[in-house]
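Undergrad: Spelled out, the chains give:
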Amino acid sequence: MALDADDLRLAADRARDAAAAAHDELNAADGRLGDGDTGVMLKRLFAAIAEAAPADERDVSKLFQAFAKACAASTGSSLGTLVTVAMMTLAKATRGRETVPVAELAGLLAAVRDQMMARGGAQLGDKSVVDALDAVARSLDGVTDGAAARAAARAAAIAALDEFRGRENRLGRARMFGARTKGLDDPGMLAFARLLDAVIV
Amino acid sequence: MKKLMNAPDAFVDEMLDGLVAAHPALAREARVIRLAAPARKGKVGIVSGGGSGHLPLFTGYVGRGLLDACAIGDVFAGPSVDACEQAIRAADGGRGVLRLYGNYGGDRMNFDLAGEMVEIDDIETTTVLGTDDIASAAPAESGKRRGVAGIIYAYKIAGAKADAGADLAEVTATAQAAVDACRTIGVALSPCQIPGAAAPTFAIGADEIEMGMGIHGEPGIWRDKLRSADDVADEMVKRLLADPVKHASDRVSVLVNSLGATPLEELFIVYRRVARQLTKNGLTIVRPLVGHYVTSMEMAGLSISLIHLDAAREALLAAPAECPFWRV
Numbered sequence: 004m005a006l007d008a009d010d011l012r013l014a015a016d017r018a019r020d021a022a023a024a025a026h027d028e029l030n031a032a033d034g035r036l037g038d039g040d041t042g043v044m045l046k047r048l049f050a051a052i053a054e055a056a057p058a059d060e061r062d063v064s065k066l067f068q069a070f071a072k073a074c075a076a077s078t079g080s081s082l083g084t085l086v087t088v089a090m091m092t093l094a095k096a097t098r099g100r101e102t103v104p105v106a107e108l109a110g111l112l113a114a115v116r117d118q119m120m121a122r123g124g125a126q127l128g129d130k131s132v133v134d135a136l137d138a139v140a141r142s143l144d145g146v147t148d149g150a151a152a153r154a155a156a157r158a159a160a161i162a163a164l165d166e167f168r169g170r171e172n173r174l175g176r177a178r179m180f181g182a183r184t185k186g187l188d189d190p191g192m193l194a195f196a197r198l199l200d201a202v203i204v
Numbered sequence: 059m060k061k062l063m064n065a066p067d068a069f070v071d072e073m074l075d076g077l078v079a080a081h082p083a084l085a086r087e088a089r090v091i092r093l094a095a096p097a098r099k100g101k102v103g104i105v106s107g108g109g110s111g112h113l114p115l116f117t118g119y120v121g122r123g124l125l126d127a128c129a130i131g132d133v134f135a136g137p138s139v140d141a142c143e144q145a146i147r148a149a150d151g152g153r154g155v156l157r158l159y160g161n162y163g164g165d166r167m168n169f170d171l172a173g174e175m176v177e178i179d180d181i182e183t184t185t186v187l188g189t190d191d192i193a194s195a196a197p198a199e200s201g202k203r204r205g206v207a208g209i210i211y212a213y214k215i216a217g218a219k220a221d222a223g224a225d226l227a228e229v230t231a232t233a234q235a236a237v238d239a240c241r242t243i244g245v246a247l248s249p250c251q252i253p254g255a256a257a258p259t260f261a262i263g264a265d266e267i268e269m270g271m272g273i274h275g276e277p278g279i280w281r282d283k284l285r286s287a288d289d290v291a292d293e294m295v296k297r298l299l300a301d302p303v304k305h306a307s308d309r310v311s312v313l314v315n316s317l318g319a320t321p322l323e324e325l326f327i328v329y330r331r332v333a334r335q336l337t338k339n340g341l342t343i344v345r346p347l348v349g350h351y352v353t354s355m356e357m358a359g360l361s362i363s364l365i366h367l368d369a370a371r372e373a374l375l376a377a378p379a380e381c382p383f384w385r386v
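Chains as they are written, first to last, in the numbering used here: chain A, 4 to 204; chain B, 59 to 386.
Derived BS3-like pairs (lysine-lysine); straight-line CA-CA distance at most 27 Å:
(1) A:Lys46 <-> B:Lys61
(2) A:Lys65 <-> A:Lys95
(3) A:Lys95 <-> A:Lys72
(4) A:Lys185 <-> B:Lys202
(5) B:Lys60 <-> A:Lys46
(6) B:Lys283 <-> B:Lys296
(7) B:Lys296 <-> B:Lys202
(8) A:Lys65 <-> A:Lys46
(9) A:Lys72 <-> A:Lys46
Please keep in mind that the hints were generated in silico from the structure rather than gathered at the bench.
Take these sequences, add in the hints, and give me the full structure.
TA: Shown next, in the form of structure tokens:
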């Protein structure tokens with residue numbers, strides 16, 4: 004079981020639709036911690052990503068590169084830039100490839116997690132998108148079958164939300180809300196769960 | 059909240075169009091505002107950037123003796139990596155570029171990535187982060203503090219240093235010392251709203267004030283019934299003076315800054331008390347600033363910034379400079 008460029012194009016379209024569908028929910032989640040614009044930002048960002056997918060490209064890395072470029076041009080939000088970092092990491096890791104076996108997903112997501120931590124300064128346990136990514140990467144360890152990977156990833160993203168909901172945010176603007184963040188989903192983790200759910204249908 | 063605009067998605071771009079139309083010394087390239095004149099050869103460039111919604115910050119401080127270029131994002135969102143890269147290139151006069159901006163996660167990532175991209179073309183960059191908001195983290199964690207109004211002192215002082223022909227290391231050290239010598243605290247009386255958002259950035263009672271609130275509605279130190287201007291000013295000054303500062307001096311400049319909706323009348327009422335308290339504490343005030351320097355759209359409230367001056371910083375603060383919102 005492996006993913007190819009057509010799978011990626013389809014995933015980009017689904018992510019665009021999922022971001023649009025989650026617009027209000029993510030704005031509301033972010034609004035409890037201030038701005039209230041995470042939904043607006045991700046809707047715009049994933050529309051730009053889907054738009055940027057080259058139609059005939061077979062090289063998976065080139066698709067990720069195009070996604071990264073679209074991100075770098077269209078967002079400056081911290082969560083948006085983490086998406087840029089993810090796309091750049093995936094582009095580098097898949098250079099010259101036309102397929103990515105499911106068995107490699109765990110390693111790729113772990114690389115994305117590590118790059119996000121290096122760039123954004125998050126630690127595991129800070130209650131950020133990095134924790135959601137970490138949970139999903141670990142859930143895919145040793146999984147080679149597509150259906151099994153989908154089930155594991157989906158369950159891990161939801162479990163991460165449940166695990167962290169009662170904790171305090173320790174990073175960025177959310178950090179400033181301290182104990183008031185207990186009981187709230189982190190908007191980045193929530194967005195990750197919603198997008199993942201759509202992308203892996 | 060009522061806003062005069064055409065569409066939320068057009069808010070930032072139309073604002074920037076208007077800014078450069080009104081100020082021909084500035085030019086716009088996508089989400090970058092730069093001096094219309096090309097970068098001066100042999101001068102260290104200074105760039106800044108951040109989210110929209112804080113005018114005159116950030117783009118309004120592009121000018122001679124201040125910033126050379128500025129990358130600007132959506133309202134309260136960082137500038138894109140592309141905009142940061144473009145701003146650095148626009149500011150490059152061949153002697154390197156200082157990136158001088160507030161300590162926010164997105165801005166840091168974007169300017170860092172942009173710095174790596176211009177490295178390929180041998181443009182040397184350095185970074186100094188504004189960290190003046192004393193309410194945003196304890197003194198022991200001052201590196202985590204967020205950058206607010208005090209950064210304009212760093213713009214002015216580092217800008218004058220670059221204008222005088224200093225090299226990148228000297229300009230960087232001067233900017234860092236200006237940040238280290240500066241402290242800010244704010245109070246909020248009412249919120250603002252991001253264009254297109256469903257609700258204001260925070261809720262606060264009609265008769266309440268929050269001490270220490272950040273410029274995006276980040277929670278502060280306490281919230282209570284509104285108090286008199288003198289009581290509020292006294293507590294703000296007390297907190298500023300109690301915070302340990304590098305490069306302490308008995309000569310200071312002070313900025314009493316409106317967050318947007320608070321009028322000059324109220325700023326002067328507060329300044330009158332601030333000046334009295336600083337003088338009582340044995341400090342001499344140099345070049346005070348009172349007005350709208352760093353805002354959050356229609357947010358009501360104000361911030362007070364205090365910068366300790368040595369002879370060098372005082373001279374740099376007095377050096378000629380000109381941008382749309384500040385002339386020395």
